[in-house]
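**Q** In terms of the working numbering, the sequence shown opens at residue 9 and continues consecutively.
Check each hint, because a few of them may be wrong.
To be verified - Restraint ranges, calculated between C-beta atoms of paired labels, are given here:
#, residue 1, residue 2, range
1, Val141, Lys173, 17 to 27 Å
2, Ile67, Gly95, 18 to 28 Å
3, Ala265, Arg183, 15 to 25 Å
4, Asp89, Pro259, 44 to 54 Å
5, Glu210, Ala280, 16 to 26 Å
6, Arg125, Val161, 18 to 28 Å
7, Pro91, Ala286, 26 to 36 Å
8, Leu232, Ala167, 20 to 30 Å
Bear in mind the hints are in silico, worked out from the structure with no lab data behind them. The C-beta atom is built at its ideal place from N, Cα and C for all residues, glycine as well.
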Amino acid sequence: MRFSPWLAILAATIVLSACGDARRPTVVKSASAEGAAGAADANAPSTAGGFVIENSTVIPLRSTVSGRDYEIYIKTPPGYDKPENAGRRYPVLYLTDGPYTFQVASGLTRVPFNHGRFREFIIVGLSYARGEVPADSRRRDLTPWRDQEINGVTGGGEAFFTFLKQAVMPLVETRYRVDRADRTLAGQSYGGLFGLWVAFHEPELFRNYILTSPSIWFADRAVLQSEAAYAASHKDLPARIYLATGSREHPGAGGCADCDNDMVADQTRLAAILNSRAYPGLEIRTNIVDDGFHETTFPIGLMQGLQWLYLKG
């Protein structure tokens with residue numbers, strides 16, 4: 009199975025920005041190691057008919073909660089199958105919006121892995137529900153609350169979280185050598201909103217969060233109420249959270265013509281609230297990506313978040 013990454017990324021970007029459609033990628037398992045410099049290699053798999061993501065596989069998985077079918081995309085790092093690493097366990101990065109984000113994460117980490125700049129980790133992408141319009145699937149699955157002002161079904165986030173916790177993670181951790189104490193959840197837009205809800209709902213499930221352009225505005229900023237409820241009954245939030253939003257993600261001068269919500273102000277407000285809690289176990293970093301739009305912030309934010317979490321000292 010093969011795919012055109014540029015076409016898929018373009019289509020998925022449309023989904024993230026305008027709730028449009030996107031094609032899911034087809035990804036293959038390759039036994040060939042990536043070239044030392046992350047460049048073309050004479051021994052690399054043939055790309056006739058399409059590009060191949062090395063060391064990756066697709067696993068179909070049904071949600072018993074919703075009855076929907078999904079696919080899980082998994083990529084192991086270059087050293088995973090080396091004999092000297094047979095007893096090694098690896099951090100794992102989980103990504104919502106997998107048809108887009110899995111490809112981005114794979115490309116961003118290729119050279120840092122091959123040159124030893126990053127600590128190696130396993131990459132896991134979560135697909136949209138099979139047979140559904142991707143925009144409909146993500147709007148439902150990544151929103152923890154119903155919002156009557158949004159066209160389409162919303163509020164399926166808790167069911168998707170149960171699927172992630174009770175089906176996806178056990179599958180990954182059974183089949184792969186995962187360090188369960190070093191999990192990261194990454195998401196963009198609705199995926200960022202979902203990640204924030206998880207952090208305030210069950211923060212111990214993930215050690216780290218990389219959340220870009222989170223849709224804090226959704227459902228009258230219900231996520232801020234979720235944060236306040238968590239703070240009222242907890243004295244700590246044991247997590248490392250990286251937040252990034254594009255500097256153009258707001259209406260008015262210097263923003264974008266089709267922006268309805270000030271996502272820069274929302275991120276700034278949430279960060280201030282979290283810092284005011286003085287949680288001993290919380291580390292938070294934020295960034296306003298210079299000249300970034302909603303459609304362009306994720307790759308930059310993901311790389312900066314990964315550098316914070318996985319850069320070798």
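**Q** Report the numbers of all earlier hints that the structure fails to satisfy, in ascending order.
**A** Of the numbered hints, 3, 6 and 7 do not hold.
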